[in-house]
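Asks: All residue numbers for the sequence shown refer to the numbering used here, where the first residue is 33 and numbers rise by one.
Everything labelled a hint here was simulated from the structure, so no lab data went into it. All values derive from a computational prediction rather than experimental measurement. Be a bit skeptical, because a hint or two may be false.
Said to hold, decoys possible - Just the calculated beta-carbon pair ranges, DEER-fashion:
(1) Tyr161 with Lys288: 34 to 42 Å
(2) Gly299 with Ala169: 35 to 43 Å
(3) Ala169 with Thr321: 39 to 47 Å
(4) Lys288 with Arg326: 35 to 43 Å
(5) Lys251 with Gln219: 25 to 33 Å
(6) Asp358 with Arg310: 18 to 26 Å
(7) Glu345 with Ile303: 23 to 31 Å
(8) Ile303 with Lys187: 30 to 38 Å
To be verified - Simulated pairs of lysine-lysine, DSSO-like, Cα-Cα distance not exceeding 27 Å:
(9) Lys251 with Lys232
(10) Lys187 with Lys177
(11) Lys360 with Lys331
(12) Lys232 with Lys318
(13) Lys290 with Lys360
(14) Lys177 with Lys293
Even glycine gets a Cβ: it sits at the ideal position worked out from N, Cα and C.
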Amino acid sequence: MPLIEEITEDEPVLVEKPKRVQIEVVEKGSSDVVGPPLVENQNGDQQNGKESDEDADEKDKEDENEGHKEDTGDGDKTKDEKTVSQDDPSKTKTKNDWPRLTKAFLKQHCKDLKLYLTPALNDVLYLHYKGIFEIEALEEYTGLKCLWLEVNGIKKIQNLENQVNLRCLFLQQNLIDRLENLEPLQQLDTLNVSHNVIRKIQNLACLPVLNTLNISHNKLSSVESLEHLTECESLSVLDLSHNSIEDPAAINVFEKMKSLKVLNLMGNGIIRNIKNYRKTCIVKMKNLTYLDDRPVFPKDRACAEAWDRGGVEAEREEREMWINRDRKKIKDSVDAMLGMRKRGEAKRIQRERDAAGLEGKVDVDSVDWLTGTYRLEGSTEVLRQKEEDDEEGEKEDDEGDKEEDDDNDGEIPVICGKPPMSETGIFSTEKSKSDGGSTRLFITEDKGKTMITKPIV
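Given the sequences, and given the hints that come with them, work out the whole structure.
Replies: Given below as structure tokens:
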């Protein structure tokens, strides 16, 4: 049989068969590998290139069934998961996907910050800006004294049973809505829970040495949410700024706090609702030393108490009394300084008189160090120390000038003001004829803003 058959016009040409061949992707483990269709070529076997119509149709059906089974299996599930994750990512994100505190993470974190790799040796731990949502894995960190957990997503205070030595706890800028689980922290001195969503102060009476509480930028509004503060006997610094406290009765709660010294209520409506707010707070809170953005001085307290007793007139009198008292203090200090200066000047004059062999004792009260006058005890004659010193100084100056004149035999011209009329040389005011055609400068007197210089030929 010839390799190339002659095609005539009467014989139909089969061209549809190669188009029906489909290429399917098969997994690596599958033994059925789909290869390219066998087509007749010039060098190949003719039997390999020809297939019957029935065999080709059966093979195509089997391939289509296998592909359909693969698509309806795991592939459909992955498609569904992809679509769900694209529509709502929070549905597929689990708790384990968020950053968490683990022992391995804490160990590596301490290594990065050059802290102790032994957990119990660390007294500070910085865990702010970590994106964590739960306090955990701190069982081995028993020596902590300061713990930074601000700017995270923490919703609950928990798992701090082993931090019995903790002094400072920073939990600002989180999602905490309740103060709880603080009983183990018996040595806690400072607690910062600002910028959270706390609506009521509670569970703080269990902290016997709590001194500073910063609970600003929260959701406190009613007097009931503040009543627990009266049970905190050691609390002296309280920051309640930028809450929603508007009821003037809240002042009664602060009045019952015996140790309160610093109070900040800025950003609350209570400041506008209380008339004479600052004076009222100072009068009611006996130990207050700092209110909002200003200190409370003894003068402010005295004036506020006078205002509470007798109104504006009593306050004015009290203020004038404090002003006079301040002036007297200043005057007394100046007089004391002048007295020290007089005594020192009197001692100096007395030494000079004793060295000169003069009799008499200098009266300290009569010494005037500014003018240099003084009197002797039992005498009314006023003596002037400066005149004596000036005369001696003038004599010394004259003697020094004479000695300098004797030492300087040669005349050295000194320029001072106008040059003398009889001076000769370059400072001469008269023109002179030059011998030998030499050139000199003739300097004239300054009669204006400019100096005129003319060459002399």
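Asks: It remains to establish, for every hint, whether it holds in the given structure.
Replies: The hints, checked one at a time:
no. : hint                           : verdict
1   : Tyr161 with Lys288: 34 to 42 Å : holds, 39 Å
2   : Gly299 with Ala169: 35 to 43 Å : holds, 37 Å
3   : Ala169 with Thr321: 39 to 47 Å : holds, 42 Å
4   : Lys288 with Arg326: 35 to 43 Å : violated, 23 Å
5   : Lys251 with Gln219: 25 to 33 Å : holds, 29 Å
6   : Asp358 with Arg310: 18 to 26 Å : holds, 21 Å
7   : Glu345 with Ile303: 23 to 31 Å : holds, 26 Å
8   : Ile303 with Lys187: 30 to 38 Å : holds, 32 Å
9   : Lys251 with Lys232             : holds, 8 Å
10  : Lys187 with Lys177             : holds, 22 Å
11  : Lys360 with Lys331             : holds, 15 Å
12  : Lys232 with Lys318             : holds, 26 Å
13  : Lys290 with Lys360             : violated, 35 Å
14  : Lys177 with Lys293             : holds, 25 Å
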